[in-house]
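Chains as they are written, first to last, in our numbering: chain A, 5 to 648; chain B, 103 to 213; chain C, 594 to 1074.
The set of hints was computed from the structure by calculation and includes no laboratory data.
We treat Cβ as the ideally placed atom computed from N, Cα and C, and that holds for glycine.
Some hints could be false.
Stated by the list, open to error - Below are the DSS-like pairs computed for lysine-lysine, each with C-alpha atoms no more than 27 Å apart in a straight line:
hint, chain 1, residue 1, chain 2, residue 2
1, C, Lys-947, C, Lys-695
2, A, Lys-174, C, Lys-695
3, C, Lys-947, A, Lys-179
4, A, Lys-174, A, Lys-376
5, A, Lys-174, C, Lys-947
6, A, Lys-37, A, Lys-205
7, A, Lys-179, C, Lys-695
8, A, Lys-179, C, Lys-1021
9, A, Lys-174, C, Lys-1021
10, C, Lys-947, C, Lys-1027
To be verified - To give a feel for the contact side, a few chain C residues facing chain B, derived at Cβ under 10 Å:
hint, residue
11, Leu-598
12, Leu-600
13, Phe-732
14, Met-755
15, Gly-758
16, Ser-775
17, Ala-798
18, Gly-1032
19, Arg-1033
20, Leu-1034
21, Gln-1035
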Amino acid sequence: MLPEIPEGVVWSILLLPIGSFITILMVTRPYPKLSGYMTVGTIGLAFLFALWVLDSVIASDGQALPFQSHEWLTINSPVGHDLVVNLGLRVDGLTAIMLLVVTSVSLLVQVYSQGYMAGDTGYSRYFVFMSLFTTSMLGLIMVDSIVVLFVFWELVGLSSYLLIGFWFHKPAAAKAAMKAFIVTRLGDVGLLLAIILIWVKTGTFDIAEIQELAVAGLISVNVLTVFGLGMFAGAAGKSAQFPLHVWLPDAMEGPTPVSALIHAATMVVAGVYLIARMFPIYEVADDARMTIAAIGGTTALIAALLALVVVDIKRVLAYSTISQLGYMMLALGLGGYVAAIFHLLTHAFFKALLFLGSGSVNHATNTFDMRKMGGLRKVMPWTYATFLIASLSLAGVFPLAGFWSKDEILSDAWGEQQALFWVALGVVFLTAFYMFRAIFMTFEGEYQGGEEPEEEGHGGDPAHPHESPWVMIVPLAVLAVPAVLIGFANINGGVEHILAGALPAETREGLHEFQFNWAIALGSSAIAIAGIVGAYLFYGAKVLSSQAVSKAVRPLHILLERKYFLDDLYEGIFVNRLLLGGAALLAWFDTNIVDGVANGVAGTFRFGGSGLRLLQTGQVQVYGAMAFAGLLLAGGLVFLLNPL
Amino acid sequence: MSIVLLAARVDLEHVLIVGAVLFAIGLYVALSKRNAVAVLMGIELMLNAVNLTFIAFARFVESPRPLDGHVFVIFVITVAAAEAAVALALAVAVYRHRETIDVGKISLLRW
Amino acid sequence: MSNELNLDYTLLTPEFCLAGLAAIVLGIDLFAPQVRKEWLPYITAAGLIGILGLSLGWVEKESDFAGIIAVDNYTTFFRVFFLATAAVVVLMSAQFVRDRLKNPGEYYALLVVSTIGAIYMAASRELLTAYISLEVLSFSLYVLVSFARMDPRSNEGGLKYMLLGAFASALLLYGLSFIYGSAGSTFYSDIAAAYAGGTESFDLALLMGLVLLLAGLGFKVAAVPFHMWTPDAYEGAPLPITAYLSATSKIAGFALLLRLFSSAFMPVIDDWQWMFAALAALTMVLGNLVALQQSNIKRLLAYSSIGQVGYMLMAIAALSSGTASALLLHMSGYVVTNLAAFSCIIAWYNLTDKEEIADMRGMAERAPLLAAALTAALFSLSGMPLFAGFFTKFILFQAVADEGFLWLAVIAVVMSFVSLYYYLMVIKELYISKPEEEGRLQVPLSVTGLTAALAAGVFYVGIFPRHLFEVAQEATNLLFV
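The shape of chain A in the complex, shown without the other chains:
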């Protein structure tokens, strides 16, 4: 056993990627290889420290390590609360698990990137952004103050904007980056308002303190409900929950290692982390909690349906991620705090593996379109094997990692809310079905030819697909290990124990005892296998025709292909009509109606002067008249508010 970790070492987990960010930016930008090694080295060290953190946290039963906060900004107020923003660490079971996920996946992705990004003109820039992202993500999970958390939260959004738009010469990538940034920030409005609200009501930003106050019943339930919903708005943006999920599939335009890191294991789970971090509050605010469960369930179901129809392999994975995130939210909403985080842990590994696998496939064929793949099993045995393992794990087949965590969520749902349980069970079937649809389309059958490489980006010869270089294969193989085994981590309640330690005692007592339920385990496994068999019948053996089915349910199919028309709704109505339209209206109002009104005002001055000339009042005077009208309005209000 290692000694308890000193605070400086924990900080250095955060400082290491900052260091690599600054060094690459300032010094090693002209030497791409060096930049790459630097990133890998610092993350590797951070990973070792994260293991040390885990060790210390296990020793403390998952309770927060006793670190002091450092004052960063204090604003004294003669009345009311002092505004204090502290820089402090909160390192407990939840943090330790998240650190493990972020650093390990990040390390493997960086190694993989050395191969995937080789020869790209922006190689150094890529690692600058990656380091910035890792820093923000690590900061997000380690800090003890909700404001500092929000700062890192925004930085995560910013660096993901930079990474998704990394190939900014592709218009689709640029558009996707902007969409991701704006949609997630829309959720952040709620988060920021929640922070302001809780500060006005309690005068603290300290997470532990807010939790204590909430559990002790010192904050009214209504405030907590609004606060909880605001938090969830932020979480829904980042974690791509319905109806803010639309950015994630488009974000697949970024480099694939970015998708593996950001859109599988880290950024998108930030929302789940946030809700889990604030879990004691949702235990008090029941309405907010049930809202989360309902939205989580909806998200899981609709995203799984969408994954059935897309033909881009990365988008299948993107929808699958959304669906699984919905699963985690569902679990949190139903009080399954441990189950949700456990699923987050297992999901991070097998989903990152799937993304990296899809990148490997793309490396060989230059396309993500599954209709142009096929037959890759023989030429890419390593990729195939690891992809298969991850898919089985995702589908929840015994005894792979996904089985255990999914099973916990299902049994929590069974105990809490029957309707949502059936939804979750339906999603199990869909998940197995779409994953194996992808496998059969990609790896089985005849090779369909791939696509010629673009000018920039990375060329391979699509006519002769080949296995990827070892820097890409090794991370796949390494990731496959936890994708198989990590599920056993909680078989004797180890993960549960340290996660529960992160909660205040009152909340901990209210947690569900996890009971292994044979009926659910067997039932869900059977359903998963049914999904696999179904996919085989359609896409492997082609006994059934998917065209025939989609024709039979044509309206449904169109609905799915157009993604429930949500994109059209957002762009057509919200962005074009409401926002730009509203702005146009205001601009028009500013120039036309105001003219008219002002002319009217001028007209009242002119007592029946020639009517037509009034319409040609000069601009300056319109401005003046407008101001005068404002003045009259203010004057009128004065008299209204102060009756004589």
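Dock chains B and C against the given chain A, drawing on the hints supplied.
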């Protein structure tokens, strides 16, 4: 005698009303005349109304500093003169380009 | 307050020096025409920096000149603030003025003189002094806006600005006359004393005075619906003057508002609080929404600065010592950010003659440092963390919410979300669109240095808001005693 009576009847309200009327006339001129110089004249009228009001208050209101209002007026008159100088110079500059100082036609900048 | 008048002229040394500097600048222009072309801006900037150093000698002093001009931490704060701003604007102007404007001596002298006006707006404790300072600033600006005599847009902008400014002055003065009539004095402290017991009943003169005052000062700071001159004057003015308008002119208006309302009208806060709240809400909403529609970068920044004014007005509406120092912090962050943005835009304009947003496409390839600094500035304006805009806004919104104006804070948060959209549109042009012409542009070293320093300032305020905030607190704590 009638003069004395009249003087006795002029109190604060009357002067203020004259001031307000003057201000309104100035406002009307400033907002409706199309010649930039005429607009400026309207503004000067408004300033004169201000001066009248200041004097009235200085004369009628109990104040620890009875002279403040008068001092204010002296300065406003000075500023108004400076204002006229700057505005006329600008009007000349505009006239050189456009050959008009019709404020209704000076609208290159909009939207 | 003592009856003995304190006529200690040394208190006003920095302003005397400024006047002297203006005279020297004009003199050089007249008598040493060779020097003036190259060196005038640098001489002016050096003089301004020197005076800035000098004015630090009044830190922690608390005194006043004849009861009309206060020399306290608040004044010192704004002395430093306006002098630094003026120095930066002078440096930004160097190339622009040399290439495009005539009479550089008058240009720089007017900038210096306008700084005196701005400083006294913050320092005055009496209505007449405040008004005269306001006009000193405004008159210099009227001339500066129309300084590009050969450009019809500049003339037009100047004339409109002038006419509306004079109109606003008339409204303001009429308001001041009512305040004088109601309170019987033009000194802030006497006004506060006159209302100390609260007004017994409906005080018509006071209310009319306040409404007119609000309209007049609303013009100066460009609050909706008194904002309409802003886009025109911004677009017409020579670019460095646009930067100056968005910084000094606006901030000086707020410096005046803050001292006036905190030390004169605090007792009657119920009478004007709602007016400012309504004005703030209107200004935020209109400024940010109309900004979405703009295609010229100056007009875009004009509307975005109107939006910023809305945030600042919230602080006046929720006036307290907390919001006052938050306001000073936000203004500082805003000015540093805006100057950084303008320094990039001016450099780009000097190199390419383009100021439409669409013409900025490909800046990242042709002038990467400018593009990066402009991006940083725009992110800061939209309130991203790490950049100045986040914490200054956060502290401001928080302070406003704490004073019971949660609804205003909600509008502000939503509007800063909207603002992200139009800033991103600009950033998209910088980075994503293909440039019209190929080839790197040679940015002069001095411009690069200035831009980098301003961008560093944006990060400094964003990461260590504490230092500046403590200064702001020192500056405002005397206002609320």
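For each hint, the structure was consulted:
{"no.": "1", "hint": "Lys-947(C) / Lys-695(C)", "result": "21 Å, holds"}
{"no.": "2", "hint": "Lys-174(A) / Lys-695(C)", "result": "45 Å, violated"}
{"no.": "3", "hint": "Lys-947(C) / Lys-179(A)", "result": "25 Å, holds"}
{"no.": "4", "hint": "Lys-174(A) / Lys-376(A)", "result": "21 Å, holds"}
{"no.": "5", "hint": "Lys-174(A) / Lys-947(C)", "result": "25 Å, holds"}
{"no.": "6", "hint": "Lys-37(A) / Lys-205(A)", "result": "52 Å, violated"}
{"no.": "7", "hint": "Lys-179(A) / Lys-695(C)", "result": "45 Å, violated"}
{"no.": "8", "hint": "Lys-179(A) / Lys-1021(C)", "result": "9 Å, holds"}
{"no.": "9", "hint": "Lys-174(A) / Lys-1021(C)", "result": "12 Å, holds"}
{"no.": "10", "hint": "Lys-947(C) / Lys-1027(C)", "result": "16 Å, holds"}
{"no.": "11", "hint": "Leu-598", "result": "12 Å, violated"}
{"no.": "12", "hint": "Leu-600", "result": "17 Å, violated"}
{"no.": "13", "hint": "Phe-732", "result": "6 Å, holds"}
{"no.": "14", "hint": "Met-755", "result": "5 Å, holds"}
{"no.": "15", "hint": "Gly-758", "result": "9 Å, holds"}
{"no.": "16", "hint": "Ser-775", "result": "8 Å, holds"}
{"no.": "17", "hint": "Ala-798", "result": "9 Å, holds"}
{"no.": "18", "hint": "Gly-1032", "result": "33 Å, violated"}
{"no.": "19", "hint": "Arg-1033", "result": "34 Å, violated"}
{"no.": "20", "hint": "Leu-1034", "result": "28 Å, violated"}
{"no.": "21", "hint": "Gln-1035", "result": "32 Å, violated"}
In this structure, the earlier hints numbered 2, 6, 7, 11, 12, 18, 19, 20 and 21 are contradicted, and the remaining ones agree with it.
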